[in-house]
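**Q** Going down the list, the protein sequences come from chains A and B. Each residue of the first sequence is one higher than the one before, counting from 1 in our numbering. Each residue of the second sequence is one higher than the one before, counting from 1 in our numbering.
Some hints here could point you the wrong way.
[Claimed, not checked] In silico lysine-lysine, BS3-like type, Cα no more than 27 Å apart, as pairs:
1) A:252 - B:208
2) A:252 - A:238
3) B:59 - B:47
4) B:258 - B:131
5) A:238 - B:59
6) B:47 - B:28
7) A:22 - B:131
8) B:208 - B:196
[Stated by the list, open to error] Incomplete in silico selection of chain B near chain A, CB under 7 Å:
9) 15
10) 21
11) 26
12) 29
13) 34
14) 36
15) 61
16) 63
17) 146
18) 245
19) 271
20) 273
Hints listed in this document are in silico derivations from the structure and should not be mistaken for laboratory results. Remember, predicted model here, so these are calculated numbers, not experimental data. Ideal placement from N, C-alpha and C gives every residue a C-beta, glycine not left out.
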Amino acid sequence: MLHSVNARSPWVRTWTEIRGNKLAFLSFGIVVATALIAVFAPWLAPHSPEAMQLVEGRLLPPFFMEGGNTSHVLGTDATGRDVLSRLIYGSRVSLCIGIVPVFFGCLIGIPVGLAAGYLGGKVDEALMRVTDILLAFPSILLALIIVAFLGQGIFNLMIAVGLASAPAFARIVRSAVLSERNREYVASAESLGSATPRIVWRHIFPNITSSLIVLFTINFASALLEAAGLSFLGLGVKPPTAEWGAMLADGKNYFYDGWWMIVFPGIAIFLVVMSLNILGDSLRDALDPRAAKR
Amino acid sequence: MFALVVRRLLFSIPVLLLLTLVLFLAVKLVPGDAALVMAGERATPEKVEYIRQALNLDKPWYTQYGMYIWRLVTDFDLGQSLFHDRPIADLLSTAVPATVELGFAALVIALPVGVVLGIASAVFRNTLIDKAATSTALAGVSMPIFWLALILMYVFSIQLGWLPTSGRMSDEALFDPALDSVTRMYTLDGLLIGLKTGEWEVFQYAVKHIVLPAVALSTIPMAQISRMTRSSFLEVLGQDFIRTARAKGVRPSMVIFKHAFRNASLQIVTVSMLQAGTIFGGAVITETMFAWPGLGKVLVESISSRDFPMVQSGTLFVGCVFVLFNLTADVLYGLLDPRVKKGA
Numbered sequence: 001m002l003h004s005v006n007a008r009s010p011w012v013r014t015w016t017e018i019r020g021n022k023l024a025f026l027s028f029g030i031v032v033a034t035a036l037i038a039v040f041a042p043w044l045a046p047h048s049p050e051a052m053q054l055v056e057g058r059l060l061p062p063f064f065m066e067g068g069n070t071s072h073v074l075g076t077d078a079t080g081r082d083v084l085s086r087l088i089y090g091s092r093v094s095l096c097i098g099i100v101p102v103f104f105g106c107l108i109g110i111p112v113g114l115a116a117g118y119l120g121g122k123v124d125e126a127l128m129r130v131t132d133i134l135l136a137f138p139s140i141l142l143a144l145i146i147v148a149f150l151g152q153g154i155f156n157l158m159i160a161v162g163l164a165s166a167p168a169f170a171r172i173v174r175s176a177v178l179s180e181r182n183r184e185y186v187a188s189a190e191s192l193g194s195a196t197p198r199i200v201w202r203h204i205f206p207n208i209t210s211s212l213i214v215l216f217t218i219n220f221a222s223a224l225l226e227a228a229g230l231s232f233l234g235l236g237v238k239p240p241t242a243e244w245g246a247m248l249a250d251g252k253n254y255f256y257d258g259w260w261m262i263v264f265p266g267i268a269i270f271l272v273v274m275s276l277n278i279l280g281d282s283l284r285d286a287l288d289p290r291a292a293k294r
Numbered sequence: 001m002f003a004l005v006v007r008r009l010l011f012s013i014p015v016l017l018l019l020t021l022v023l024f025l026a027v028k029l030v031p032g033d034a035a036l037v038m039a040g041e042r043a044t045p046e047k048v049e050y051i052r053q054a055l056n057l058d059k060p061w062y063t064q065y066g067m068y069i070w071r072l073v074t075d076f077d078l079g080q081s082l083f084h085d086r087p088i089a090d091l092l093s094t095a096v097p098a099t100v101e102l103g104f105a106a107l108v109i110a111l112p113v114g115v116v117l118g119i120a121s122a123v124f125r126n127t128l129i130d131k132a133a134t135s136t137a138l139a140g141v142s143m144p145i146f147w148l149a150l151i152l153m154y155v156f157s158i159q160l161g162w163l164p165t166s167g168r169m170s171d172e173a174l175f176d177p178a179l180d181s182v183t184r185m186y187t188l189d190g191l192l193i194g195l196k197t198g199e200w201e202v203f204q205y206a207v208k209h210i211v212l213p214a215v216a217l218s219t220i221p222m223a224q225i226s227r228m229t230r231s232s233f234l235e236v237l238g239q240d241f242i243r244t245a246r247a248k249g250v251r252p253s254m255v256i257f258k259h260a261f262r263n264a265s266l267q268i269v270t271v272s273m274l275q276a277g278t279i280f281g282g283a284v285i286t287e288t289m290f291a292w293p294g295l296g297k298v299l300v301e302s303i304s305s306r307d308f309p310m311v312q313s314g315t316l317f318v319g320c321v322f323v324l325f326n327l328t329a330d331v332l333y334g335l336l337d338p339r340v341k342k343g344a
């Protein structure tokens, strides 16, 4: 009995799907590995990410090239900082500026979507109009404006990317609520005299969790890309903080002398974003058949 | 149909007004004295005072807002850029054509490639072709544009030396933008010059400059168009009339290109129209990367230099364009699908 109840939980279904699909499992592994690297960065990184070697050791190539050595496996950058260590430490900031905004987007988007879907009428109309406007706007522009007015910096960057991702959550939660709210279980809860917040939280919300898991994964990918892009433009983290997008920005002026400065951080971003996208796609196919058809 | 357009147009007015209000109030979020922030740390008190006066920052916000809207509506006055010290309308009039040119070039690449990839993977569903096409699309949405741009530059400009890394026109070209540019889109100008004089040099330079940024910019819309094409094609291919066509012996190529394509084209057109958002979002980064003097680059610069009037007016402009694009997508949808037209 307990088993059958568990099997229906969206978390369990998510896990079952990941385990059953090789590609999804690999992607999941990459994301988890990156997260572990981020957590254990101080133990994994061979050097300090900010230690410069200005006299000797600038622009050392990776170990497999002539002139490189195994002390700096992926080479050093223009100020002699170890690229591998910066990548490892950079995963902390990069993952953070990818995932924190999505939580933030959920925090705003989910209540808005729940309210619009469940209350309907004028509330729905008003909330969805605003959401429509925000959705029509390119999200990076939205983020740029917010950074422009709040000022540059990592915290404002996260707020900006988060606000830009909120409308998508509001939309999807609303449509999920609309399709759930006329079900019999809601009517029966209502007739038993449950209060509205309780119905929404205890009855409707668990039924849209799988849509949310999917949306969260896909949004994590796009938020990571967007945040890295903003930091690449110099609107996010400030030097000398190690972050993948900012590392690319540092490397872009050293094409001739140090291709490794732009190749490795790029691969890191690409791998994580691609893994999240694969994960999101396969979860959507499995958990959310309605969305998969769209 | 007409009524629908009018209704949608009327509806855009409050949307745009709301946008101006939000952009306007955003300046209030600026920590500290806005005039001081805009003028910069080393500004003279006179300059700060000048900005305060020019933007009416010493008056209550509703007065400021009223004056802003009034000037906007009566004189189309978008204000003055603080950083460039020029009318914003002037700056937009050169930046916007550059972005349009680049965006259009990107769409010219993205649309055919995306549609072909999408159709191929739908027709050869679950084969190697499908896998290759969907992986390409997946890589396209996962690729950071700025990274792709760097790699393109490294390979095609630095290693091979085929294409330039930045700008819109070579210095060697006998082309003075101020005199020779009619459309302000250099490829188009080059084409016109070529047709008129038989000298294709300008056109060649313009095309060489636009190739790399356009390719970089095209990846995400290409991927999205291909995904959309695939799913709408699969939907159409599963319908009865396709089975009927096949059963009565219509050639397979006919079934795909005539029966299925016409029906799937509806969604393809709409999705492509809505790519304008993605393209503009990408243009912000691509233009900065390739030193392409378009709207995206101007906006990023105005943010770094705290040129708030420029940020406001630039964004307002983009907002108007988006409202227009969404409207066009809706109208096209109606034109292509008789059921929607009737419903309206």
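**Q** Now tell me if each hint is right for this structure.
**A** Verification of the supplied hints:
For a cut-off of 27 Å, the pair hint linking residue 252 of chain A to residue 208 of chain B stands: about 21 Å separates their Cα positions. In summary, the hint linking residue 252 of chain A to residue 238 of chain A is supported, as the alpha carbons are separated by about 16 Å, within the 27 Å threshold. For the suggested pair residue 59 of chain B and residue 47 of chain B, the alpha carbons sit about 18 Å apart, so the restraint of at most 27 Å is met. For the hint linking residue 258 of chain B to residue 131 of chain B, the alpha-carbon distance of about 25 Å falls within 27 Å, and the restraint holds.
Between residue 238 of chain A and residue 59 of chain B the CA atoms are separated by roughly 35 Å; this puts the pair beyond 27 Å, and the hint is violated. At most 27 Å may separate the alpha-carbon atoms for a hinted pair to count; residue 47 of chain B and residue 28 of chain B meet this at roughly 20 Å. About 15 Å separates the Cα atoms of residue 22 of chain A and residue 131 of chain B, which keeps this hinted pair within 27 Å; it holds. This hinted pair checks out: residue 208 of chain B and residue 196 of chain B have alpha carbons roughly 21 Å apart, not beyond 27 Å.
Nearest Cβ of chain A to the Cβ of residue 15 of chain B: about 6 Å, under the 7 Å cut. The hint holds. The closest approach between the C-beta of residue 21 of chain B and any C-beta of chain A is roughly 12 Å, which is over the 7 Å cut-off, so the hint fails. The interface hint given for residue 26 of chain B holds, since its Cβ lies 4 Å from the closest Cβ of chain A, which is under the 7 Å cut-off. Look at residue 29 of chain B: its Cβ gets to within about 5 Å of chain A, closer than 7 Å, so that hint holds up.
Using the Cβ-Cβ criterion of 7 Å, the hint placing residue 34 of chain B at the interface with chain A is not satisfied: the shortest such distance is roughly 10 Å. For the restraint placing residue 36 of chain B at the interface with chain A, the shortest Cβ-Cβ distance is roughly 13 Å, beyond the 7 Å limit, so the hint is violated. Taking 7 Å as the C-beta contact cut-off toward chain A, the hint placing residue 61 of chain B at the interface is violated, the least distance being around 14 Å. For the restraint placing residue 63 of chain B at the interface with chain A, the shortest Cβ-Cβ distance is roughly 20 Å, beyond the 7 Å limit, so the hint is violated.
The beta carbon of residue 146 of chain B is positioned within 7 Å of a beta carbon in chain A (closest approach about 5 Å), and the interface hint is therefore held. With a cut of 7 Å, the hint placing residue 245 of chain B at the interface with chain A is violated, because the nearest CB-to-CB distance is about 23 Å. With a cut of 7 Å, the hint placing residue 271 of chain B at the interface with chain A is violated, because the nearest CB-to-CB distance is about 11 Å. Nearest Cβ of chain A to the Cβ of residue 273 of chain B: about 12 Å, over the 7 Å cut. The hint is violated.
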